[in-house]
Amino acid sequence: MWACRSLVGRLRRECGWVLIYNRLKELGQLDKFSKLRDPVDWSESGHQREVVWR
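So for the sequence shown, this note's numbering puts the first residue at 1; every next one is plus one.
Each hint should be verified, as a subset may be incorrect.
Taking CB as the label site, the calculated pair distances span [stated by the list, open to error]:
hint, residue 1, residue 2, range
1, D41, R12, 36 to 44 Å
2, L27, V52, 30 to 38 Å
3, G16, P39, 17 to 25 Å
4, R37, E14, 19 to 27 Å
5, R13, F33, 18 to 26 Å
6, W53, G16, 21 to 29 Å
7, D31, R54, 35 to 43 Å
8, P39, W17, 18 to 26 Å
9, G16, W42, 19 to 27 Å
10, K35, E14, 19 to 27 Å
11, S43, I20, 23 to 31 Å
12, D31, W53, 33 to 41 Å
13, S43, C15, 30 to 38 Å
14, S34, E14, 16 to 24 Å
What the hints contain is simulated information worked out from the structure, not anything from laboratory work. Remember, it's a predicted structure, so these values are computed and weren't measured experimentally. The beta-carbon is built from N, C-alpha and C at its ideal position, and this holds for glycine as well.
Sequences are here, hints too, so could you generate the full structure?
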């Protein structure tokens with residue numbers, strides 16, 4: 001289909017958007033791929049979250 005691959009180190013990876021498109025096509029839900037969503041107002045989420053490194 002689309003030639004969207006990246007080479008990271010020695011690993012060849014498929015493009016994430018192509019994988020999402022193909023999965024939605026399998027599920028018969030391609031309308032979700034192009035649907036625009038309203039922006040989220042993150043100011044109501046409270047305070048900054050703490051990053052926990054494991």
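Checked hints:
no. : hint                  : verdict
1   : D41 - R12: 36 to 44 Å : holds (39 Å)
2   : L27 - V52: 30 to 38 Å : holds (34 Å)
3   : G16 - P39: 17 to 25 Å : holds (22 Å)
4   : R37 - E14: 19 to 27 Å : holds (24 Å)
5   : R13 - F33: 18 to 26 Å : holds (20 Å)
6   : W53 - G16: 21 to 29 Å : holds (24 Å)
7   : D31 - R54: 35 to 43 Å : holds (38 Å)
8   : P39 - W17: 18 to 26 Å : holds (20 Å)
9   : G16 - W42: 19 to 27 Å : holds (23 Å)
10  : K35 - E14: 19 to 27 Å : holds (23 Å)
11  : S43 - I20: 23 to 31 Å : holds (29 Å)
12  : D31 - W53: 33 to 41 Å : holds (39 Å)
13  : S43 - C15: 30 to 38 Å : holds (33 Å)
14  : S34 - E14: 16 to 24 Å : holds (20 Å)
Comparing the model with each earlier hint shows no violations; every hint is respected.
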